[in-house]
Amino acid sequence: MVYFLQQFINAVQLGSIYALIALGYSMVYGVLRFINFAHGDIFMVGALLAYFAAGFLIRLASQVPIPAALVFMGSMLFSMVGTTLIALLIEKVAYRPLRQHRLSVVITALGMGVLLEHVALVIVGPWRLSFPLLVTDHVYRVAGVSISTIQLLIIFVSILLMLILEFFVQKTKQGMAMRAISYDRETLPLMGVSVNQIVSLTFAVASCLAAAGGLLYGHAYPIVEPYMGIMVGWKSFISAVVGGIGSIRGAMLGGFILGFVEIGAGAVFPSRMRDLISFVVLMSVLLVRPTGIFGVARRQKV
Amino acid sequence: MLQIQKLRSHLAAIPALAYLLGFLVASTIELLVGDLLASLLGLRGIPSLFGITLVQQYGLILLPAVIVYDLTIYVLPIYIVARLAAPWAPKLTNKMPKRLSMLFYVLLVFLVVQLWGGFHEYRILVLSLMGINIILAVSLNLVNGYMGEFSVGHAGFMGVGAYIASIITVWVFPRSLGHLAFPLALLAGGAGAAVAGLLVAIPSFKIRGDYLAIITLAVNYIIKNGIENIERIGGSRGFMGMAKLTNVPWAFLWATLSLWLIRNFVLSPRGRAVVAIREDEIAAETMTVNTRYTKILAFCTSSFFAGIAGGLFAHLILYINPSTFSLLKSTEVLVMVYLGGMASISGSLIGAATFTFLLEVLRPLEEWKWVLIPMLLVAILLRRHAGLMGFREFSFLIPKEEAESYGSASD
Chain C
525 MVYFLQQFIN AVQLGSIYAL IALGYSMVYG VLRFINFAHG DIFMVGALLA YFAAGFLIRL
585 ASQVPIPAAL VFMGSMLFSM VGTTLIALLI EKVAYRPLRQ HRLSVVITAL GMGVLLEHVA
645 LVIVGPWRLS FPLLVTDHVY RVAGVSISTI QLLIIFVSIL LMLILEFFVQ KTKQGMAMRA
705 ISYDRETLPL MGVSVNQIVS LTFAVASCLA AAGGLLYGHA YPIVEPYMGI MVGWKSFISA
765 VVGGIGSIRG AMLGGFILGF VEIGAGAVFP SRMRDLISFV VLMSVLLVRP TGIFGVARRQ
825 KV
Chain H
190 MLQIQKLRSH LAAIPALAYL LGFLVASTIE LLVGDLLASL LGLRGIPSLF GITLVQQYGL
250 ILLPAVIVYD LTIYVLPIYI VARLAAPWAP KLTNKMPKRL SMLFYVLLVF LVVQLWGGFH
310 EYRILVLSLM GINIILAVSL NLVNGYMGEF SVGHAGFMGV GAYIASIITV WVFPRSLGHL
370 AFPLALLAGG AGAAVAGLLV AIPSFKIRGD YLAIITLAVN YIIKNGIENI ERIGGSRGFM
430 GMAKLTNVPW AFLWATLSLW LIRNFVLSPR GRAVVAIRED EIAAETMTVN TRYTKILAFC
490 TSSFFAGIAG GLFAHLILYI NPSTFSLLKS TEVLVMVYLG GMASISGSLI GAATFTFLLE
550 VLRPLEEWKW VLIPMLLVAI LLRRHAGLMG FREFSFLIPK EEAESYGSAS D
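Going line by line, the protein sequences match chains C and H. For the numbering used here, add 524 to where a residue sits in the first sequence, where the first one is 1. For the numbering used here, add 189 to where a residue sits in the second sequence, where the first one is 1.
Everything labelled a hint here was simulated from the structure, so no lab data went into it. Be aware that a few hints might be false.
Selected chain C positions facing chain H (in silico; Cβ < 10 Å) [as the list claims (entries may be wrong)]:
#1 Thr632
#2 His642
#3 Ile754
#4 Ile762
#5 Ile769
#6 Arg798
#7 Leu811
#8 Gly816
#9 Gly819
A few chain C positions that, by computed beta-carbon distances, are all more than 12 Å from chain H [unchecked claim]:
#10 Leu594
#11 Thr673
#12 Pro713
We put the CB at the ideal spot given by N, CA and C, even for glycine.
Next comes chain H alone, as it looks inside the complex (with noise of 0.2 Å):
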């Protein structure tokens, strides 16, 4: 047990610059010979996710063999590179201030994220489903965890932006554009979410609690319903021919910028009102919270977000139909939500992106992977009841003079 702390206390006192420093180093090596060690070990090319899928496929035969690779590409040089530039990493942040030095990560955390999965298709399809997720958790993070209302319909405004954005970029712009026009179709995707939003936002006016969360069900159906009686769009028969604009640049992007925006918007007095709503409506009201203005402008902006996943979504998978947006798909984005944390940006963060994971990791395991999930988290919700990072955030999302207002995020 000593041992296990000790070794604990000496990893967590390097800096995490220098652990995004190390992967960066881990990364090309595995670009440059990953490969070819791979071979040699006796692997069917390079285990795509640190082997974990190709131990349950072929059974533990070839644990050795994928415990090495992971040792001799990830752990040693990690370790090796992270030990070495612990001394003067912090340096290289310090002088900067905090907007410089934070683009400074998110520009290294892009290029990990490049080199490690942008050249391999399976990596490809699993990092861009993350950032989609990571869009998804956020924005239903607003309404679910930060609003306290509970809305059981993102799937709906996710199929909205996704029709839309498949639609401007099939019938509108000519194929040649490309990835010019992929922003402004997701965005007019965004914008038709946003629109739809409205009928949650609305109701929300007079009904509160359980009731809403109905309205949000119903939406979602009349989303998915009202698509499949839409002849011209393929109904239930489904829409394709998009191609295939979604990659990891664009997921990344477009994930940073909603946790970006998210983050600044919760912070902001608008964001502080949606707060006050969740704590007391009516405190809230007699404080001069214009609460109706509050839950549109919270609802749209969740739906909006929504929508741009939806319209990466569809430009990643190249086929939509209604039924992939009913409520199974709305379930799972609260799994993560919840999973991650309420209220917390940083909890979408990790829920989605250890949802994402888990689902692709137990791939091999078919059904049983949605009895273990749910199991799984129902034992955190039993330990931490607001999820892993309910009403907590890690320390560089939150201004330094707010940052006692916040639970340590630490441990």
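Chain C on its own, in the form it takes in the complex (with noise of 0.2 Å):
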């Protein structure tokens, strides 16, 4: 049992990073039918900016005091800005332009990856950087199961989030205008609502929860490096299609449960089937409802 509560909380801890980027994924395909395949690398990015924005701050921290939460927010809100902009560049350069081809963009998003990938590989070169901690971490046990700051930090923000978002997708005007968008992308311009706005706002959402993401991975496995994204970023693709993709809540589930597979294979079978397992899961999954658990099938009109 208590074993069993161990891995509960690591499921719960891998998932909730999962689920951050998820929502990236869905999010951008709810509003434009396309998959961001770049997702992966916007979270590397904002890995990569939150570390150096992390030691700019603990050395700035250590001659003038500043409290360890407001370096903390400070470096998450500098990877987000700055992830953002970076997210807002690729989707008016890259993305824009060919939207009305959807096979296109998927190409163009393939190669945006590829490209972020190699410029953080030719500024900060292959090594694997050690994330610097933010936080004290204390291992509090708990009947036995032991959990750390680190770990009730990243599922504290991350569900944060998570209902700050579902908040402002739901109780906003411009959440409103998302949802409107993916549910009739043709109707929308007509009520005098600007779809590229909305786009761009959707991109911005998406790679500011992708940054947290970031930052959250670094401080559970502190290691950032230029390809960290690839199987991270493909894994969260996974969660939200599992989910349903385009369904926001699908994407959230899709993420722990991805997460619990992940952890309770990683228990059961050696670790080196830990990814063959997930992807039979995931494929059993689609093949038992082709849709994701909460994606609806359109119906198509003959």
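Fit chain to chain and form the complex, with the hints in mind.
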């Protein structure tokens, strides 16, 4: 039981990071019906920017007294702003002109992903940078289960962000426009809503979540490198699909499901089988529910 | 500007056959006096890829020597011979039936390729890779271009083919058989890959579009991870012991064969059914297209050729390991397909050839290479959203009766 609870916490930690990134895939898909394959690398950019910001702020904090919470918030804010700017630039240059051609834009997205990876490689080199911890890590033991400050922080921050997102999408005007655009793309411009603005906003929100994911990932697995976005990106993408791509709640659920499957598979089978198991689970889910858990099959008109 | 236009129209007036003859002469000249000229000009050996790599590596000092070399070995002989041959070259093939003239062209191209690259270690590698990439691109185009699905797992099938072919040549056939057994091993690899293709084909009955893309992704991972977990064939350490069987003739033969077969397939009634599925699956089904059978056929054909390419690749590099066949490789093939053009055999040919060439030429740039290539890809897609030759073909690849249903490929 203790062992089970321990694994449960690990799974929630991993799952919440997957969920944060999966949300980005899902939201962009909901608005544009296109898979932003560069999103995994946007996550990597977020982690790298957070790394630099954290390094700078820690050095600053050694001279001027700055509370640790402010350092954490500052790095997250910097990483979010930087990542958003890069994502908006990519959207403007590589996606917007090709919006009418769904397949081409997927390829430019793949290309942009490769571009980001290698620009990062040119800038930071192929080394694995170790991420500085921004909180002092305590391990609490509750009824035999150990849980660290970092784990609590990751789970807390990601759930907070998801709640904010949920509020934003459900209660604000912009969120309503986002939902409307994914419901009916042709009618929305007729209602006087600028599609381009909503698309940019969606990209901004998605990359903010990815940047937060990058910072949290850096705390959980304290290594950042230019290729880190590939595997995490694909895994989050899977989460989005399992939950039903285009659905925000689906992406959250999918992230947690994948976290549980991975940790569960790692606990039962040898660790090198972990990816294999998660992909097999993914395939089985899709075979049973071809549009994911929350996905709605769009009826084809004949 | 006017001068350039004049030059262009002047050069475009010379038939392709004349250029081929010119290149043939140029390659012969290079074989005979290339070494001598290169040492006279102070170059280290003959410049293997027209000297572009040399200039990048040793700086602009070598530029004059390289230009002189390229002018005397390539540009001048090609131009002179092409100019001389222009009046009478078309008469050679005009009288032949179309099939015979195609065969003639293919043989001529082969001769040029073999003379230019068959006797030079590095060029053999580049040309073989080019052939392998052409097979990969054209077979992926069948699924991504003609059928309109989005497969991102082509490297997985390539891996299956590579492993089966290598296991057969290393463990089953005696080494002395060498080139005799090679086609059999490749075919077996292709067949194995085709069976693996069922992993995608069967889910594709129910799952479409982006969800199918995930299935192909998952299949790629499952294959890679599966191989990693089979200790008998080396697991993640990889597999080696193959003899170097892939060379320019084999690569050329298989690339031509796959181009020809896939071109015939997409022009056949079954291939039209594939295109019909892309345009509208339900409409196709009401028009009596057996969509399940067609999908199986398309996916398995595509992965069959990927398997062949894998076998060739394994016997070129002589070492394979599961991570060779990861998503990165699949992405490379995708880039080739979309660079060249969707639903276009000529596009796959151009895309794969250009991509391989770029990759080799830009090698000295190291990581900057992968910054430039995506930029180029995006720039091309922004101008031509379906790739360079998207939905168009060279005129020699399509039957005369259908010429007007394709866009012209002259510009």
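Self-check item: Minimum beta-carbon distance criterion (10 Å), threonine 632 (chain C) to chain H
Solution: This interface hint holds because 5 Å falls under the 10 Å limit.
Practice problem: Just double-check proline 713 (chain C) for me: nearest Cβ-Cβ distance to chain H has to come out over 12 Å. | Solution: Proline 713 (chain C) is indeed farther than 12 Å from all Cβ atoms of chain H, at 22 Å.
Quiz prompt | isoleucine 754 (chain C) as chain H interface residue, shortest Cβ-Cβ below 10 Å | solution = Status holds, d = 7 Å.
Practice problem: Over 12 Å to the closest beta carbon of chain H is the bar; see if leucine 594 (chain C) clears it. | Solution: Per Cβ check, leucine 594 (chain C) is outside 12 Å of chain H; nearest 36 Å; holds.
Quiz item: Beyond 12 Å from chain H, beta-carbon-wise, is threonine 673 (chain C)?
Solution: At roughly 34 Å from the nearest Cβ of chain H, threonine 673 (chain C) sits farther out than 12 Å, so the non-interface label holds.
Self-check item: Interface hint for arginine 798 (chain C), Cβ within 10 Å of any Cβ on chain H
Solution: holds, 9 Å
Quiz item: Against chain H, with CB atoms and a cut of 10 Å, does the hint on glycine 816 (chain C) hold up?
Solution: Holds: closest Cβ of chain H sits about 7 Å from glycine 816 (chain C), inside 10 Å.
Quiz item: Can the hint on glycine 819 (chain C) be confirmed by a CB-to-CB distance to chain H that is less than 10 Å?
Solution: holds, 8 Å
Quiz item: Measuring from the C-beta of isoleucine 769 (chain C) to each C-beta in chain H, is the shortest one below 10 Å?
Solution: holds, 6 Å
Quiz item: Would the stated hint for isoleucine 762 (chain C) survive a check requiring a Cβ distance to chain H of less than 10 Å?
Solution: Since chain H brings a Cβ to about 6 Å from isoleucine 762 (chain C), closer than 10 Å, the hint holds.
Exercise. So, leucine 811 (chain C) near chain H? Judge it on the closest CB pair being under 10 Å.
Key: Hint holds; leucine 811 (chain C) Cβ to chain H Cβ min 6 Å, cut 10 Å.
Practice problem: Hold the hint about histidine 642 (chain C) up to the distance rule: shortest CB distance to chain H must be less than 10 Å. | Solution: holds, 4 Å
Hint check: no violations occur; every hint is consistent with the structure.
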